[in-house]
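The task is simple: from the sequences and hints, build the whole structure.
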Amino acid sequence: MAQPTTGLSEGRNLHSGSVPWREADWTLPPAGGLSRDAVDIAIIGTGIMGAILAERLSAGGRRLALLDRRPPGCGSTAASTAQLMWAMDVPMLTLAGQIGETEAARRWTRVLGAVRDLSERIEAMGLSALKQDCPTLYLAGGLLDDEALAAEAAMHRRHGLPSQWLDGNQVRERFGIAPRAAILSDGGFTVDPVRLCHALIELAVSRGAALAWPVNVIGLHPDGDGVHIEMEGGESLHAGEVILATGYERPTLFLPPAFSLLTSFVMATPPGMAPLWKGNAMIWEASDPYLYLRTDASGRIIAGGEDIEETDADTRDALISQKAGVIAAKLETLLGAPVPIDRQWAATFGASPDGLPAIGATSLMPHVWLAAGYGGNGIAFASLAAQMLERELAGEADPDRDAIDPYRFESNAGQRAADR
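Numbered according to this note's numbering, the sequence shown terminates at residue 438, and the numbering increases by one at each position without gaps.
Hints were generated in silico from the structure; no laboratory data involved.
Treat the numbers as computed from the prediction; the structure is a model and nothing was measured.
Cβ atoms here follow ideal geometry from the backbone N, Cα and C, with glycine treated the same way.
Certain hints may be false.
[What the hints assert, rightly or not] Computed Cβ-Cβ distance ranges for the label pairs, DEER-style:
hint	residue 1	residue 2	range
1	R176	D330	41 to 49 Å
2	L46	N298	27 to 35 Å
3	A355	H246	53 to 61 Å
4	P417	E138	33 to 41 Å
5	P356	G51	51 to 59 Å
6	G144	G51	41 to 49 Å
7	G178	G237	27 to 35 Å
8	T127	H239	23 to 31 Å
9	I236	G297	45 to 53 Å
10	I236	F427	27 to 35 Å
11	D306	F427	27 to 35 Å
In structure tokens:
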């Protein structure tokens, strides 16, 4: 259950438990005072979504304001396992059955491009120390058995996606885990999510962006050629455009109910445990809920899953130890070795019916945009949002706007697309 809404978006306890990184290790970007001058773009939310948007949009000389009720990177970003994959929670084979193979391929190819783009930008900014390239290994499971997984891999290859199918024996030989058929894909990487978030915000601030926290936005009002932003305490700001990057604290007046919230549970081993498998792959499985795991720079194994639809903090917190134990047991079966638990936590994340985010213009107010990375690939979708909104704010129509339109599940979606 959300805490009472006291602003533009829900108030939520987004995560709890003990993560492997500590807030004491972070150097928060300093907050400056809000100028009374109008800005071109206000981004509400300074998690990884807001940070990636801020870096991209500040590069063009626009005047930006970044607003958040929390310190930057201290909401869901602080609990992210930060696995950057272009494959989505809804298999391509499943999506093709719903909308056709050509349309499914268009969406998957675009997400692959967004992941590659973010990787290249991180390296170009001199932040390579915050990322680690690694392949992904997608294991057969309850959603896709061996035969279906082979068909999924074949569909990937037909559309130029860098994947290959491996049988169970090949997986055991190459990765040293229990034999299960899998799809091996290139192009993924992991990041240090909080430090990357802070670095991108600091870069945007160095280009002139204003950063203000804690600031609680309580209202948006149409104001001539832009938006009047009303804040708790009586402050206000005029922005030509507003981007809602509030993460998993939903701006419920703007975000349709098709985009839902879940809880995922995570555990981490002590440092120095990895590697317990070969190839440094991020591993996940074609199941619902699915197990996912990776290693970090300190040699921890970080694994999560056991998702539930409940987001009430008390209910969630009571399950952390139990769920961490289940995840550890699954890891031991997969890896064939004991997996001690050093840290365990739970976090809220967002889902969507097609595994894709909500990015685009809102239907209720001109000059207000949604950037909601729901669907399981939040950081990858932040890169997609930055690509798309950079183009849209320059007056160009993104060719894939319909695929990630926030209102695509509404009954009037077709008419809305025609009107645009």
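Now the hints, each set against the structure:
1. R176 / D330: 41 to 49 Å: 43 Å, holds
2. L46 / N298: 27 to 35 Å: 31 Å, holds
3. A355 / H246: 53 to 61 Å: Because 59 Å falls inside the window, the suggested range holds.
4. P417 / E138: 33 to 41 Å: Roughly 20 Å apart at Cβ, these two residues miss the hinted range, so it is violated.
5. P356 / G51: 51 to 59 Å: Holds: the Cβ-Cβ distance is about 53 Å, inside 51 to 59 Å.
6. G144 / G51: 41 to 49 Å: 29 Å, violated
7. G178 / G237: 27 to 35 Å: 46 Å, violated
8. T127 / H239: 23 to 31 Å: Violated, since T127 and H239 (Cβ atoms, about 39 Å apart) do not stay within the stated range.
9. I236 / G297: 45 to 53 Å: Since I236 and G297 have Cβ atoms about 50 Å apart, the given range 45 to 53 Å holds.
10. I236 / F427: 27 to 35 Å: Since the Cβ atoms of I236 and F427 sit about 28 Å apart, the hinted range of 27 to 35 Å holds.
11. D306 / F427: 27 to 35 Å: 19 Å, violated
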